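2 protein chains.
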Amino acid sequence: MFVVDMPGLKPGDIKVQVEEENVLLISGERKREEEKEGAKYIRMERRVGKLMRKFVLPENANRDGITAVCKDGVLTVTVEKLPPPEPKKPKTIEVEIC
Amino acid sequence: MFVVDMPGLKPGDIKVQVEEENVLLISGERKREEEKEGAKYIRMERRVGKLMRKFVLPENANRDGITAVCKDGVLTVTVEKLPPPEPKKPKTIEVEIC
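Each protein sequence line maps, in turn, to chains A and B.
Just so we're aligned, residue 1 is where the first sequence starts under UniProt numbering, counting upward by one.
Just so we're aligned, residue 1 is where the second sequence starts under UniProt numbering, counting upward by one.
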């Protein structure tokens, strides 16, 4: 699970992608709000602009089982785990007589 | 208008108050989420804890006309302005004959 603060972003402003097999890329952009007619900004401290983070997924991540939910300005990306590979049975190689 | 990022906070976690006639106090607390059974945190960068900011309101602020709305992790506090005071009419003082 990846939990990222994204206050003021709408689902359409957020992008969640998997690239290069195992890199989870979370990006978004907060645009400056449209200035209201006659409004005067006294102070601006909230960051606007693009944000991007990359995370390397573990080997057992299921890249087809990823969900992303945004609530109250917090994005939660959940990556399912692949079931552990079945233990490999001992394999017998026949010995040929030469 | 005061616009404050408050990702992950619910309306009940946020407090908006006016103190000393003209000081707007915005505070909140983000608690650490309850640890899930068996969950292991690999990295934590999101700030948790209390936050508080005070703003001095201008003289023409209507302290009875303040609204606070939280959406997508962004709190917007709107303070209405009082109507400008009516221009004072000239006042005539009768002159008594003494």
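A few of these clues could be false.
To be verified - With beta-carbon atoms standing in for the labels, derived distance ranges: (1) B:Lys91 <-> A:Glu33: 45 to 51 Å; (2) B:Lys10 <-> A:Pro90: 51 to 57 Å; (3) B:Glu59 <-> A:Ala68: 24 to 30 Å; (4) A:Ser27 <-> B:Pro85: 48 to 54 Å.
As the list claims (entries may be wrong) - Straight-line alpha carbon distances no greater than 25 Å define the calculated DSS-like cross-link-like pairs of lysine-lysine that follow: (5) B:Lys54 <-> A:Lys40; (6) B:Lys54 <-> B:Lys71; (7) B:Lys71 <-> A:Lys71; (8) B:Lys31 <-> A:Lys10; (9) A:Lys36 <-> B:Lys81; (10) B:Lys40 <-> A:Lys81.
Think of the hints as simulated: they come from the structure by calculation, not from any bench.
All values derive from a computational prediction rather than experimental measurement.
We put the beta carbon where it would ideally sit given N, CA and C, even for glycine.
Original post:
That 48 to 54 Å hint for A:Ser27 and B:Pro85 (C-beta), does it hold up?
Top reply: holds, 51 Å
Original post:
Taking 25 Å as the top limit, are the C-alpha atoms of B:Lys40 and A:Lys81 close enough?
Top reply: holds, 15 Å
Original post:
Cβ-Cβ distance between B:Lys91 and A:Glu33: within 45 to 51 Å?
Top reply: holds, 47 Å
Original post:
Given the proposed pairing of B:Lys31 with A:Lys10, does the C-alpha separation stay at or below 25 Å?
Top reply: holds, 24 Å
Original post:
Is the hinted pair A:Lys36 and B:Lys81 satisfied, with a Cα-Cα distance of at most 25 Å?
Top reply: Cα-Cα ~17 Å, so holds.
Original post:
Could one say that the CB atoms of B:Lys10 and A:Pro90 fall in the range 51 to 57 Å?
Top reply: Hint holds: Cβ distance 56 Å, inside 51 to 57 Å.
Original post:
Falls inside 24 to 30 Å, the C-beta gap from B:Glu59 to A:Ala68?
Top reply: For B:Glu59 and A:Ala68 the Cβ distance comes to about 47 Å; the hint is violated.
Original post:
Given the hint that B:Lys54 pairs with A:Lys40, does the C-alpha gap stay at or below 25 Å?
Top reply: Holds, at about 20 Å.
Original post:
Is B:Lys54 close enough to B:Lys71, meaning Cα to Cα at most 25 Å?
Top reply: holds, 21 Å
Original post:
Within 25 Å, alpha carbon to alpha carbon, are B:Lys71 and A:Lys71?
Top reply: holds, 9 Å
The structure is inconsistent with hint 3 alone, although it conforms to all the rest.
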